[in-house]
Amino acid sequence: MNRILIWDIPTRVFHWLLAVSFVGAYLTAETEKFRNLHLALGYTMLGLIVFRIFWGFAGTRYARFSSFRFGIGDVKTYLQSLLSSPKHYLGHNPAGALAIFALMSLAVLTPLVGIALYFEVGGYSLEELWEESHEMLGNAMLLVVLGHLAGVVVSSVIHKENLVGSMINGHKQGPAELGISRAYPLIGMILVLAVLGFWWVYLR
Amino acid sequence: MKHHVYLILLMASGVLYAADTPQSMMERYATEAKAEQSDFQGFSAERGEVFFKSTHGGDWSCASCHTSVPTQSGEHAGTGKTIKPLAPSVNSERFTRLKKTEKWFKRNCNDVLDRPCTAVEKGDVMTYLLSL
Ligand code: HEM
Ligand code: HEM
Numbered sequence: 009m010n011r012i013l014i015w016d017i018p019t020r021v022f023h024w025l026l027a028v029s030f031v032g033a034y035l036t037a038e039t040e041k042f043r044n045l046h047l048a049l050g051y052t053m054l055g056l057i058v059f060r061i062f063w064g065f066a067g068t069r070y071a072r073f074s075s076f077r078f079g080i081g082d083v084k085t086y087l088q089s090l091l092s093s094p095k096h097y098l099g100h101n102p103a104g105a106l107a108i109f110a111l112m113s114l115a116v117l118t119p120l121v122g123i124a125l126y127f128e129v130g131g132y133s134l135e136e137l138w139e140e141s142h143e144m145l146g147n148a149m150l151l152v153v154l155g156h157l158a159g160v161v162v163s164s165v166i167h168k169e170n171l172v173g174s175m176i177n178g179h180k181q182g183p184a185e186l187g188i189s190r191a192y193p194l195i196g197m198i199l200v201l202a203v204l205g206f207w208w209v210y211l212r
Numbered sequence: 106m107k108h109h110v111y112l113i114l115l116m117a118s119g120v121l122y123a124a125d126t127p128q129s130m131m132e133r134y135a136t137e138a139k140a141e142q143s144d145f146q147g148f149s150a151e152r153g154e155v156f157f158k159s160t161h162g163g164d165w166s167c168a169s170c171h172t173s174v175p176t177q178s179g180e181h182a183g184t185g186k187t188i189k190p191l192a193p194s195v196n197s198e199r200f201t202r203l204k205k206t207e208k209w210f211k212r213n214c215n216d217v218l219d220r221p222c223t224a225v226e227k228g229d230v231m232t233y234l235l236s237l
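Chains U and C are the protein sequences, given in the same order. The working numbering numbers the first residue of the first sequence as 9 and each following residue consecutively. The working numbering numbers the first residue of the second sequence as 106 and each following residue consecutively.
Treat the hints with care, since some could be wrong.
Quick list of in silico lysine to any residue cross-link-like pairs, SDA-like style, CA-CA up to 25 Å [to be verified]:
#  : chain 1 : residue 1 : chain 2 : residue 2
1  : C       : 208       : U       : 43
2  : C       : 211       : U       : 135
3  : C       : 211       : C       : 149
4  : C       : 204       : U       : 207
5  : C       : 208       : C       : 174
6  : C       : 205       : U       : 129
7  : U       : 41        : C       : 133
8  : C       : 204       : C       : 190
9  : C       : 205       : C       : 218
10 : U       : 41        : C       : 220
11 : C       : 204       : U       : 130
12 : C       : 186       : U       : 124
13 : C       : 186       : U       : 207
14 : C       : 139       : C       : 179
I should point out that these hints are in silico values taken from the structure, not numbers from a laboratory.
Could you build all of it, start to finish, from the sequences and the hints given here?
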């Protein structure tokens, strides 16, 4: 077993920017004082997902969707394995992947409905529909995030590895040949600069 | 047949929505105001106007976004977005959905006063807006 690289830098940057944007958007939802910040963070989430979809095809091994596209059967098998001899995955495990796809979908739908609400698509007659569904989607996303956090804690304990640490420094313990060889810091830096630049322009 | 049921449900829900009017909301606030103040004497457009135009010690007044001439379109003090006039005489969509009105009273009062409005304050503001 060696200390090997699993998460490239763009994936980690994406993750923490998405987490910060979600928490920020949620906290600024109920007041007009921070409406601009709420909108900026919503747009940021949308942009981050666009990048992540690209990176899900062009990225490194464990960032690719193909490496964590599991069926419902895999999820069952994995969850059952937790009771006897937990099956270990270096990348996302099937249960985690389920939450991840749900989070990514909600991170697109919530801002899209928010945009329909803000730009009054359909006028007064659709206003209530957008309002209610935007709020519902935001709350649904909060629930999945809480499930995600619980999953991270549970699988860290069961597999005796620090998953949060891996999402920060990119490394896990594993056979050397299964690590990724490049971290793509430049792409990660471009992503950070693009988001900071957008915030600066939008919130100035 | 199925379509007819949906159509009837849709129409019924439309009727339910249309049930809120500025008058029905005023009655509601009047009932609440009596519970709030035992010596409640009725709402006042003048008090409503003063309330609407003062900043209550913060940065914003209601007029910051809804203008001090609420028959005109306002502009959101934070985002710059145009806000349709609040006065029902020029905007018939106003005060036709209790849930919406209550939500925005709650949110905007918190924005301006850092606390929810009382029923007397809401009734006063509505009386002022209905007088325009
Ligand atoms: C994923 C990101 C987002 C989350 C989690 C989120 C969540 C929420 C929540 C919970 C509310 C309160 C709903 C209510 O009280 O009615 C809200 C309100 C609002 N959101 Fe978002 N939102 C997000 C993105 C956006 C985006 C991108 C826009 C527009 C460009 C937007 C526009 C609005 C507006 C205008 C309101 C207030 C209007 C209203 O409540 O009727 N949101 N948001
Ligand atoms: C608050 C909103 C959050 C959202 C929307 C979110 C979303 C996501 C997404 C989409 C992924 C997949 C990453 C990828 O492959 O690109 C992921 C993975 C992960 N997240 Fe989060 N996350 C959030 C918060 C957190 C927090 C606060 C932590 C840690 C305390 C955390 C820990 C992790 C870990 C460890 C993984 C990797 C899971 C694995 O090993 O399979 N997340 N998260």
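Hints, one by one, checked against the model:
no.: 1; hint: 208(C) x 43(U); verdict: 15 Å, holds
no.: 2; hint: 211(C) x 135(U); verdict: 18 Å, holds
no.: 3; hint: 211(C) x 149(C); verdict: 20 Å, holds
no.: 4; hint: 204(C) x 207(U); verdict: 33 Å, violated
no.: 5; hint: 208(C) x 174(C); verdict: 22 Å, holds
no.: 6; hint: 205(C) x 129(U); verdict: 17 Å, holds
no.: 7; hint: 41(U) x 133(C); verdict: 29 Å, violated
no.: 8; hint: 204(C) x 190(C); verdict: 19 Å, holds
no.: 9; hint: 205(C) x 218(C); verdict: 19 Å, holds
no.: 10; hint: 41(U) x 220(C); verdict: 14 Å, holds
no.: 11; hint: 204(C) x 130(U); verdict: 19 Å, holds
no.: 12; hint: 186(C) x 124(U); verdict: 14 Å, holds
no.: 13; hint: 186(C) x 207(U); verdict: 18 Å, holds
no.: 14; hint: 139(C) x 179(C); verdict: 32 Å, violated
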